[in-house]
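These protein sequence lines map, in sequence, to chains E and X. Quick note on numbering: our numbering labels position 216 of the first sequence as 213, and the sequence is numbered without any gaps. Quick note on numbering: our numbering labels position 170 of the second sequence as 175, and the sequence is numbered without any gaps.
Derived by calculation from the structure, the hints in this document are not laboratory data. Where is the CB? At the ideal position from N, CA and C, for every residue including glycine. Be aware that a few hints might be false.
Unchecked claim - Computed footprint of chain E on chain X, listed as stretches where at least three residues anywhere in the stretch have a Cβ under 8 Å from a Cβ of chain E:
hint: 1; region: 82 to 89
hint: 2; region: 96 to 107
hint: 3; region: 114 to 128
hint: 4; region: 147 to 158
hint: 5; region: 164 to 174
hint: 6; region: 182 to 188
Said to hold, decoys possible - Taking lysine-lysine and the DSSO-like style, the derived pairs with C-alpha atoms no more than 30 Å apart in a straight line are:
hint: 7; chain 1: X; residue 1: K132; chain 2: E; residue 2: K247
hint: 8; chain 1: X; residue 1: K132; chain 2: X; residue 2: K102
hint: 9; chain 1: E; residue 1: K247; chain 2: X; residue 2: K102
To be verified - Not close to chain E: a few residues of chain X, all C-beta gaps over 10 Å, as computed:
hint: 10; residue: Q41
hint: 11; residue: P71
hint: 12; residue: Q75
hint: 13; residue: R93
hint: 14; residue: G141
hint: 15; residue: D179
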Amino acid sequence: MRLLACTLTLATGLAWSATVASATQPVTAWYMYGSSGSDLKSYAYAHGCDFAQAEPGTGMRVLLLDFGAARKLDSSTWGAVDFSNTRFSNADILSALERAADGYHNCHVRGSVDIAYGNSNYHLSGSGMSSTDAWWAGFHQSERSEDLADYQSSKGYTSQTSDAASDMEPSWESPSVTKQLVSGDQAQGWALYYDFGSADGCPQSGNADGACNNGWHVSDVGYVSYAALALPLPEIYYTANANQWTVVRKWWNANAQGTYFFLGVTASTGVGLTPTASWAALNSLNNGLVESELACFGC
Amino acid sequence: MFRLLSVRVAAATLVGVAAGAGGGFALAGSISSPAQKAAALNRLAAVATTDSSTTPAPAPASAPQPIPAQMLGADVPVPIAPSILRERNGWLVSDGKTLLAVYAGAAGNDPSVGRVVIVSQNVAAGKQTVRAIDAGSTGELTITAAPLGRAAEASAQTGSLRLRTAGGHFLTLDLGTGRISREPHGAPLP
Chain E
-2 MRLLACTLTL
8 ATGLAWSATV
18 ASATQPVTAW
28 YMYGSSGSDL
38 KSYAYAHGCD
48 FAQAEPGTGM
58 RVLLLDFGAA
68 RKLDSSTWGA
78 VDFSNTRFSN
88 ADILSALERA
98 ADGYHNCHVR
108 GSVDIAYGNS
118 NYHLSGSGMS
128 STDAWWAGFH
138 QSERSEDLAD
148 YQSSKGYTSQ
158 TSDAASDMEP
168 SWESPSVTKQ
178 LVSGDQAQGW
188 ALYYDFGSAD
198 GCPQSGNADG
208 ACNNGWHVSD
218 VGYVSYAALA
228 LPLPEIYYTA
238 NANQWTVVRK
248 WWNANAQGTY
258 FFLGVTASTG
268 VGLTPTASWA
278 ALNSLNNGLV
288 ESELACFGC
Chain X
6 MFRLLSVRVA
16 AATLVGVAAG
26 AGGGFALAGS
36 ISSPAQKAAA
46 LNRLAAVATT
56 DSSTTPAPAP
66 ASAPQPIPAQ
76 MLGADVPVPI
86 APSILRERNG
96 WLVSDGKTLL
106 AVYAGAAGND
116 PSVGRVVIVS
126 QNVAAGKQTV
136 RAIDAGSTGE
146 LTITAAPLGR
156 AAEASAQTGS
166 LRLRTAGGHF
176 LTLDLGTGRI
186 SREPHGAPLP
C-alpha cells in the first residue's frame, strides 16, 4: 500500500505537468549516420542540443535516436550498423548517447527528456544473427540505456532519463527472432522498449489474430509492442496504419491482461498524413488510450 | 507528454500489487503483464524539469567528417518504413554539415508506383527532412548511376541521379529541385 500511495502522490504531481497546448506538438527523431564514432558523438551532441532548444511545453518528451539495425559485431560485441553502413559497437553508441545527454543539458530550456537508444529488426537473421543473438541484442540495448541513466545521474542531469526503442517492422524479420529483442530487454530489466515500428499487412478491422506480413500475426505485433517493458509508439503514416494498430489494441484487450495504451505515435513528413493528423487518426479510434508523444522523423 | 501517464502508472501499479498478492503476473500464453512496466513508468514520473547541476558539459572536440558519395546496397539498413517504400537501393553523401540520402523503389502501398524518398539532414540548423517523390506508374525504381567518391562530397548534393524503371526506361532525379524527369531532359512526369 505504501507503493500505491507513493505512486498516487507521484501521479498527482505529474498529471498536469504538461499543458494540453503542447501535447501533440511534434519533436524531432533522428536517423543516425556517421563514418566514425567521433562523428556519431558530434551528431548526437547537436541533436540533444537542438532537441532541448525546440522542446515544446514543460512535460517529458522522447528524444529518439535511431542507430540502425541491431547487429552482433563479433563473438562478444553487440551494436548496430547505421544508415551509412558503418558498424558501431554499443560502446560507441553509449558514448554518442552520453553526448546527446550533454547537448540536452547545455541547451536545456524547459521540460524533461527520455533519451531512447533506438535500433531496428532489419534483416537480423540475414546478417547471421540467431534468436539467442537477438535476445542478447535486446539485453545489451537495455544495459546501455541503464548505463546512460547512470551517466545522467552522475552528471546531475536530473531532467533526463533513458530508455530503449526499436523500429520493429514485420517485413524486415520473422516474429520469432524479433520478439527476442523485447525478451532480452525484459531480462535486463531497465529500459522501457518503445516500438516505433509498424503492423504491416495486419487486418484493418476486427480484433482477431489475423495474419500480417512475413508470417506475423496480430498477436506478434501485440507482443513486441506491449509485452513486458514494451510500449507502442507506432508509425502512423496513413489512416490504414491507425486501423491496423487499433486491431492490435483490441486483440490485446480481448486476449491478454491489462489495458493496452499507446505512448503516442511516430510520424513523418513528406508522405501521407501530417504528424498532427497521424496522432489524431490513432486517437480518433482509441480515444483516451493514446498518450501525447509525437515523435517525428522529418520535423 | 504523458498527460494520462499518471493514470497508467497508478493502474499498472495497482495491477502489480494485486497480481503480486495473488502470486504472479502470468497472462494468457507467454505474454507478460503490463504491471512489469510499473517501475519504469514510475521512474519517468519522477524525472525533474531542472538539472541539479548547472555546470556546462564540454562540447565534442571535433566536427563530423564528410562521407564520400556511395551507393547503399540491399544489406544496408533503410530508415524508411516498408509501408512507405519498398526499397531497391540507395545513395548517400555528406559534406560533414549537410547529409543527403536517397532511397529508390516503389510505393509501399502500390508497387506499380515508382518512388524515391530523400532524407536530408542539416546539422548546423538542426533540421531533418523526409520527402517522398513519386514517378507515376513506372514500377519500382533503381538508382543506376550517381556521383561517387570524395570528389563528390559537396557537389553531389545538387547533382542528379539516374534511375531505371521496372520496364527498363531511364529517368533523372534532379537533387537540387527534387524533380524526376524522363531522359533526355524531357518534361517532368505527372
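Going down the list of hints, with the structure as the test:
1. 82 to 89: holds (count 7)
2. 96 to 107: Per the Cβ count (4), the hint holds.
3. 114 to 128: holds (count 5)
4. 147 to 158: As far as the region 147 to 158 of chain X goes, the hint is violated, because 0 residues have Cβ atoms under 8 Å from chain E.
5. 164 to 174: Violated: only 0 residues of the region 164 to 174 of chain X have a Cβ under 8 Å from chain E.
6. 182 to 188: Answer violated; 0 residues pass the 8 Å Cβ test.
7. K132/X with K247/E: The given pair, whose Cα atoms are some 37 Å apart, is violated under the 30 Å limit.
8. K132/X with K102/X: Between K132/X and K102/X the Cα gap is close to 11 Å, so the pair holds against 30 Å.
9. K247/E with K102/X: Given pair K247/E, K102/X is violated - Cα atoms ~45 Å apart, limit 30 Å.
10. Q41: 6 Å, violated
11. P71: 8 Å, violated
12. Q75: Given a closest Cβ separation of 8 Å, the condition is violated.
13. R93: Since the minimum Cβ distance to chain E is about 14 Å, R93/X lies beyond 10 Å and the statement holds.
14. G141: 16 Å, holds
15. D179: 17 Å, holds
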